[in-house]
Structure formats: C-alpha cells, structure tokens
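Visitor: Chain by chain, the residues:
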Amino acid sequence: GAVVSQHPSRVICKSGTSVKIECRSLDFQATTMFWYRQFPKQSLMLMATSNEGSKATYEQGVEKDKFLINHASLTLSTLTVTSAHPEDSSFYICSARGGVGNTIYFGEGSWLTVV
Amino acid sequence: ILNVEQSPQSLHVQEGDSTNFTCSFPSSNFYALHWYRWETAKSPEALFVMTLNGDEKKKGRISATLNTKEGYSYLYIKGSQPEDSATYLCASRGGTASKLTFGTGTRLQVTL
Numbered sequence: 106g107a108v109v110s111q112h113p114s115r116v117i118c119k120s121g122t123s124v125k126i127e128c129r130s131l132d133f134q135a136t137t138m139f140w141y142r143q144f145p146k147q148s149l150m151l152m153a154t155s156n157e158g159s160k161a162t163y164e165q166g167v168e169k170d171k172f173l174i175n176h177a178s179l180t181l182s183t184l185t186v187t188s189a190h191p192e193d194s195s196f197y198i199c200s201a202r203g204g205v206g207n208t209i210y211f212g213e214g215s216w217l218t219v220v
Numbered sequence: 010i011l012n013v014e015q016s017p018q019s020l021h022v023q024e025g026d027s028t029n030f031t032c033s034f035p036s037s038n039f040y041a042l043h044w045y046r047w048e049t050a051k052s053p054e055a056l057f058v059m060t061l062n063g064d065e066k067k068k069g070r071i072s073a074t075l076n077t078k079e080g081y082s083y084l085y086i087k088g089s090q091p092e093d094s095a096t097y098l099c100a101s102r103g104g105t106a107s108k109l110t111f112g113t114g115t116r117l118q119v120t121l
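Top to bottom, those sequences are chains A and B. Counting from 106, one number per residue, gives the positions in the first sequence under this note's numbering. Counting from 10, one number per residue, gives the positions in the second sequence under this note's numbering.
Some hints here could point you the wrong way.
Calculated lysine-lysine pairs in the DSS-like style (CA-CA distance at most 30 Å, straight line) [stated by the list, open to error]:
1. A:171 to A:125
2. A:125 to B:108
3. B:67 to A:146
4. B:67 to A:125
5. A:125 to A:146
6. A:146 to A:169
7. B:67 to A:171
8. A:160 to B:67
Some chain B residues close to chain A (C-beta under 7 Å, calculated; not the full set) [unchecked claim]:
9. 35
10. 37
11. 88
Now the in silico label distances, taken between C-beta atoms and shown as ranges [stated by the list, open to error]:
12. A:206 to B:31: 32 to 40 Å
13. B:103 to A:136: 17 to 25 Å
14. A:164 to B:18: 36 to 44 Å
15. A:162 to B:36: 43 to 51 Å
Hint data in this document are derived by calculation from the structure and do not stem from the laboratory. Keep in mind the model is a prediction, meaning the values are calculated, not measured. Idealized CB from N, CA, C, for every residue including glycine.
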C-alpha cells in the first residue's frame with residue numbers, strides 16, 4: 106500500500122532555533138499534502154494545506170511566518186518551525202493525498218520538544 | 010453538532026468481545042466520513058470512507074454504518090483481538106473541500 110514517511114520522529118531543539126520536519130510520499134505522487142498538530146488529549150488540528158508548486162493555505166490562527174511550509178516536489182513537503190518556543194512543543198503529523206482512489210495517507214508523526 | 014465528537018473516549022474489552030463506538034458529526038453540508046485506525050508509533054491507517062446515507066462497509070471483523078441525516082456513524086468490531094488495540098479516529102469532510110475535521114478518537118484496549 107501507499108506509504109508516507111515523516112522524519113524525524115522525535116526532535117528536541119533549543120528555544121529560538123528552527124527545526125524542519127520532512128514528509129515524503131514514497132510510492133505515489135502527492136499533489137496535496139496536509140500538516141496537522143495535536144496537543145495532548147485533543148484532536149488532530151489542520152494547520153495548513155500545501156499544493157505542489159504553490160503557496161500553502163493556512164488555517165485561521167496559524168502563523169504562516171512561523172510555520173513555513175514548502176512543497177517543492179510531488180513527493181516532498183517540509184514544515185519548518187521557526188524561532189521555536191516551548192509552547193510549540195507538540196505532535197506534528199502530515200498526510201498526503203494521491204495514489205489509488207486519491208486516498209489520504211498519513212505519516213508516522215513527529216514529536217517536537219522545545220527546551 | 011458543530012464539531013466531530015467520538016465516544017467513548019476509551020474502551021477496555023476482553024478478547025472475543027464485540028464492541029462498537031460512535032462518531033457524531035455536523036450533518037449539514039456533509040461530504041464524507043473517514044475512519045482511521047491508529048496504532049501507537051505508527052501511521053493512521055485508513056479503514057473506511059463513507060459518503061452515502063445508509064452506507065454500510067465491512068473489512069474483516071470491522072464494519073461501519075453511516076447516517077448522514079442525523080450525523081452519526083458507528084464502528085463495530087466483532088470478536089475483538091489484542092491486535093485490534095488502537096485508537097480509532099473518525100473525520101468528517103464538508104462540501105467538496107479536502108479538509109478533514111477529526112474527533113479525539115476512541116482508544117480501544119483488548120486484553121486476553
């Protein structure tokens with residue numbers, strides 16, 4: 106079946122630094138990728154939708170200058186958390202739409218801890 | 010209903026028991042209802058995508074029903090096995106937009 110790989114699975118960074126999370130569709134082309142964030146005991150919340158070759162569409166309340174999304178190819182999207190703060194510590198997960206039936210497939214997620 | 014709500018939040022059953030849980034979603038402007046199975050440290054796995062009122066889908070021992078008029082879906086697991094232990098997520102999609110709105114999930118634990 107279709108696979109989406111997300112890397113890194115866990116990352117710890119210092120406050121004020123930037124961290125990049127990658128999302129790759131391994132065996133299909135994904136024209137659209139989605140980035141979610143999940144805080145403890147809450148649901149997955151969509152942060153932004155990215156289409157290959159164009160600017161991402163951000164959900165209300167998500168700072169586009171803080172969460173930079175790049176979808177430069179049909180198999181790779183990246184999320185960069187800039188000037189990270191402890192309150193950005195969360196679980197981030199991507200999904201990609203494509204493959205048979207244009208299904209949505211998820212990555213494994215990334216745990217970000219900002220210290 | 011404005012958001013997607015799932016109940017119960019968690020469930021603990023014994024091997025062999027059958028179980029079910031609920032997903033409630035906004036019935037207005039409904040497009041599709043997705044069910045995912047999410048094991049710890051793995052990717053959420055798509056189980057079903059349902060669009061039509063009265064739809065019933067089955068995959069092995071797992072089945073789901075959909076009522077779009079009243080805005081709910083049930084997921085059933087027959088003869089639960091320890092490997093069914095996971096969090097089951099539902100997500101609603103409104104209109105033709107791609108955006109999925111998720112519930113908080115039902116965490117199922119099946120013990121021997």
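Visitor: Starting from residue 67 of chain B, check that the Cα of residue 146 of chain A is at most 30 Å away, please.
Guide: 29 Å, holds
Visitor: Quickly compare the C-alpha distance for residue 67 of chain B and residue 125 of chain A to 30 Å and report which way the hint goes.
Guide: 39 Å, violated
Visitor: Would you check the hint for residue 125 of chain A and residue 108 of chain B, treating anything up to 30 Å between C-alpha atoms as holding?
Guide: OK: residue 125 of chain A and residue 108 of chain B at ~23 Å, within 30 Å.
Visitor: Run the distance test for residue 171 of chain A versus residue 125 of chain A: straight-line Cα separation, threshold 30 Å.
Guide: 12 Å, holds
Visitor: Do the beta carbons of residue 164 of chain A and residue 18 of chain B sit within 36 to 44 Å of each other?
Guide: 25 Å, violated
Visitor: Take the shortest C-beta to C-beta distance between residue 37 of chain B and chain A; is it under 7 Å?
Guide: 19 Å, violated
Visitor: Take the C-alpha atoms of residue 67 of chain B and residue 171 of chain A, compute the straight-line distance between them, and say whether it is at most 30 Å.
Guide: 42 Å, violated
Visitor: Can the suggested window of 43 to 51 Å be confirmed for the beta-carbon pair residue 162 of chain A and residue 36 of chain B?
Guide: 26 Å, violated
Visitor: So if I understand the rule, the pair passes when the alpha-carbon distance is 30 Å or less; does residue 125 of chain A with residue 146 of chain A pass?
Guide: The hint holds at about 24 Å.
Visitor: Is it true that residue 103 of chain B and residue 136 of chain A lie within 17 to 25 Å of each other by Cβ?
Guide: Since residue 103 of chain B and residue 136 of chain A have Cβ atoms about 21 Å apart, the given range 17 to 25 Å holds.
Visitor: Taking 7 Å as the limit, does the beta-carbon of residue 88 of chain B come near enough to a beta-carbon in chain A?
Guide: 24 Å, violated
Visitor: With respect to the beta-carbon atoms only, verify the hint that residue 206 of chain A and residue 31 of chain B lie 32 to 40 Å apart.
Guide: For residue 206 of chain A and residue 31 of chain B the Cβ distance comes to about 26 Å; the hint is violated.
In summary, the structure is inconsistent with hints 4, 7, 8, 9, 10, 11, 12, 14 and 15 from the numbered list given earlier, while agreeing with the others.
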